[in-house]
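**Q** Protein chains in written order, with this note's numbering: chain A, 1 to 298; chain B, 299 to 566.
Check before you lean on any hint, since a few could be wrong.
The calculated lysine-lysine pairs, modelled on BS3-like cross-linking and capped at a C-alpha distance of 30 Å, are [to be verified]:
1. B/K445 x A/K145
2. A/K281 x B/K389
3. B/K443 x A/K153
4. A/K145 x B/K443
5. B/K445 x A/K153
6. B/K530 x B/K358
7. A/K145 x B/K414
Covered stretches of chain B, as calculated for chain A (at least 3 residues, CB under 8 Å) [to be verified]:
8. 371-378
9. 387-396
These are calculated hints, taken from the structure and not from any lab test.
Yeah, the Cβ is synthetic: ideal placement off N, Cα and C, and Gly gets one too.
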Amino acid sequence: MFGLMVTSLEQGLVFGIMALGVYITFKVLDFPDLTVDGSFPLGAAVASIIIFNNGNPLLALFFATVAGITAGCITGLLNTRAKITGLLSSILTMTALYSINLRIMGRANVTLLNSRTIFTYLEEWGVPHSWVFLALFTIAAFLIKSLLDCFLKTQIGFALRATGDNPEMARANGINTDTMKILGLSLSNGLVALSGALVAQYQGFADIGMGIGTIVAGLASVIIGEMMLGERSIGVATFASLMGSFIYRLSIGIALRLGFAATDLKLLTTILVIIALSTPKIRNLLRSTTSSAVSNGN
Amino acid sequence: MLELKGVTKIFNAGTVNENVVLRDINLEVDEGDFISIIGSNGAGKSTLLNVIAGVYAVDKGTILLDGRDITRMPEHERARFIGRVFQDPMKGTAPSMTIEENLAIAYCRSSRRTLKWGLNNKLREEFRQKLAETGLGLENRLNYKVKLLSGGQRQALTLIIATMVKPKLLLLDEHTAALDPSTARQINNLTEEIVLQKGITTLMITHNMEHAIKMGNRLIMMDKGQIVLDIKGSDKASLTVNELVDMFEEAAHRKFDEDRVMLRVSNG
Chain A
1 MFGLMVTSLE QGLVFGIMAL GVYITFKVLD FPDLTVDGSF PLGAAVASII IFNNGNPLLA
61 LFFATVAGIT AGCITGLLNT RAKITGLLSS ILTMTALYSI NLRIMGRANV TLLNSRTIFT
121 YLEEWGVPHS WVFLALFTIA AFLIKSLLDC FLKTQIGFAL RATGDNPEMA RANGINTDTM
181 KILGLSLSNG LVALSGALVA QYQGFADIGM GIGTIVAGLA SVIIGEMMLG ERSIGVATFA
241 SLMGSFIYRL SIGIALRLGF AATDLKLLTT ILVIIALSTP KIRNLLRSTT SSAVSNGN
Chain B
299 MLELKGVTKI FNAGTVNENV VLRDINLEVD EGDFISIIGS NGAGKSTLLN VIAGVYAVDK
359 GTILLDGRDI TRMPEHERAR FIGRVFQDPM KGTAPSMTIE ENLAIAYCRS SRRTLKWGLN
419 NKLREEFRQK LAETGLGLEN RLNYKVKLLS GGQRQALTLI IATMVKPKLL LLDEHTAALD
479 PSTARQINNL TEEIVLQKGI TTLMITHNME HAIKMGNRLI MMDKGQIVLD IKGSDKASLT
539 VNELVDMFEE AAHRKFDEDR VMLRVSNG
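In isolation and in its complexed conformation, chain B is listed as follows:
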């Protein structure tokens, strides 16, 4: 359902700082895939998601969603069918607006906005129920301004905002990286719950090898702007962290000494 053909992205082309962040990427994502994306810093993971979302335009290549060429489509138009959760918990919500107002904005994500009231009692009830299902205690604080919430609460809210109207594609960019381990676990559980319940095709960037192996049906490893590993199904299910590290070294042809890609063993 998502197809990337020959996608290349270069920053600062022609200058001394020229950086080919994505190099001739070819990727096919099937409907229902839950893909974990791992790789060292500068590998191009975030840029890949940003290019799919339309934050950056590609320099070469095409992007097709359900057969439709969206390569030149602006970011806010793609947002109609792409949901995103960012690494920074503060980025996904409007801080000086209330929880219910934020959800109301999410409600209109893929429809045309009009001069109808943004909120009404029927919507409020719907939001209250959705929030109650998450067990975060936010259902009684609909009129709280979002800036009063903690990072974990805001990230959970962002997740709901991104999936309230079912997106064709969900992009998660290290969305638990800025959270403490127990909150990260909560958000990961919530993520799996929502994705499985709604059957959303998902791309998730993570630095946590355990999460990458445990979650989803497919794993992609990127290095220096290219996809160096793509494992699916039973091959992925039987992977161990050590095997993955070996594969990484083999595919990248260099010694594995990146301190950013931490081996978090039995962290939950």
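Bound-form chain A, shown alone:
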């Protein structure tokens, strides 16, 4: 049980960085961004190819993030300059990235088991092997969360939030909503790619198919978190996304322990998301029927 908790925590945090990216586009910008299914493996591909060829792991993470930012930028440009609807723009980028990722990796799968990853790097610095994952992911996730919280409270952060909340009002107040969209998409996919780069090193390989279902996992994490903690403030909302990510991974872990096959996971994930989305509505329904029963019985 303890092992399951630790693994879920590790996964919750590293995938949580991706969830924070999805939070930016889905909740702040109100933009349906499927690019993440492509930018997650993009980050993994860029990082693994550098690491496989004995490059510096920190540089690998840096370039992975830059690649993600570029992908987000492209989706943004397709939407704002070419005037393609948001959803379709993101699907186009995601689809193109499939081929691009294969090109970057040179093959469908890159193994990192014998390479010098960020973890080997940290172990060289003296971090014990059993704690290296949790330590790095905790620091990374909470550092990114704090920076994001601060950013969303700056003048530009306000402009980004207004763009997602009421673009007309934003423009009427001098905000270039096109630029804000591109900024939000870039930031988001940068984080998602970073997450992909860390996950590849965590699991010991990068695979062309590891991005499939990223958007579902991200949305599930954000929605579960929001359902549990609400949206009282920015700080609470971002923490909720990380927590939702942890609960999501824990649920998958439990499902696997119960004997479900890994191939069942997509179905189980869908059911989990449906439950998460329906619970508030069912709760409201129960509340209203109970109160009407009380007043009728009067």
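Chain B: place on chain A using the hints.
**A** For chain B alone, kept in the frame of chain A given last:
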């Protein structure tokens, strides 16, 4: 200070739905003018304001603000010196952000946004004072999310947002149309107060003939994409609603039977 020369706007050009909404409009607005704009549906009033604000690009003509050609300037750039209040009270504010956050956005309307904090205690105090002056009771609810406010409160907030940083031009598009009569009166009073206090050049669209006559120094009537009437100063001050209706019929050469342009007599 605002000059429109030969401005034409056509929607769906070349199709069966082609509609010439603005037809060769020439308009000169002087600094300090408070112009009421009236006219029947489809006359082009909203489109005129939208074209000045940059929401739509003109098909023909030029727009000059303080001598500067802004015809091709994008909407968000023009917003630096143009303030707007919309007909829909929900349109002028960001609903899931708080009152103080909305005001903070307004504060940066004509400046370059940076990574500085959007809010600080000094700004909060300033906002609290500004809100207190309006007498709406909002000064103690700075951290309320705007979606919790009523239509009238949101419209008042939009008015403050549009005028916090003094704009060169204020565009009001039937901004009290969606409010009940007493709230509408409150907002109109607030409008006059702010406009007079800050000396803002204002264009106000209204369907209320009484408001149109009472407020401002100039009145424009539009019909079918053209300006058919332009009265200023003492001529305007001595107008009655009936005279205005007669003038409208005369200028439009047709019987006045529009039910949208209601004659609200003694409504406040």
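**Q** Holds or violated: A/K145 and B/K414, Cα atoms, limit 30 Å.
**A** holds, 18 Å
**Q** If you draw a straight line from the CA of A/K281 to the CA of B/K389, is it 30 Å or shorter?
**A** Between A/K281 and B/K389 the Cα gap is close to 28 Å, so the pair holds against 30 Å.
**Q** Report holds or violated for chain A covering the segment 387-396 of chain B, Cβ cut-off 8 Å, minimum 3 residues.
**A** holds (count 7)
**Q** Per the coverage rule (Cβ-Cβ under 8 Å, at least three residues), is the segment 371-378 of chain B covered by chain A?
**A** holds (count 6)
**Q** Just to be careful, I want the Cα atoms of B/K530 and B/K358 compared with a cutoff of 30 Å; is the pair within it?
**A** Holds. B/K530 to B/K358 sits at ~27 Å (cutoff 30 Å).
**Q** Sort out whether A/K153 lies within 30 Å of B/K445, counting only the CA atoms.
**A** holds, 19 Å
**Q** Does A/K145 pair with B/K443 here, judged by a C-alpha cut-off of 30 Å?
**A** holds, 23 Å
**Q** Would the hint linking B/K443 and A/K153 be met if the CA-CA limit is 30 Å?
**A** The given pair, whose Cα atoms are some 15 Å apart, holds under the 30 Å limit.
**Q** Against the 30 Å threshold, does the CA-CA distance of B/K445 and A/K145 hold or violate the hint?
**A** With Cα atoms ~26 Å apart, B/K445 and A/K145 stay inside 30 Å; holds.
Checked against the numbered hints given earlier, this structure breaks none of them.
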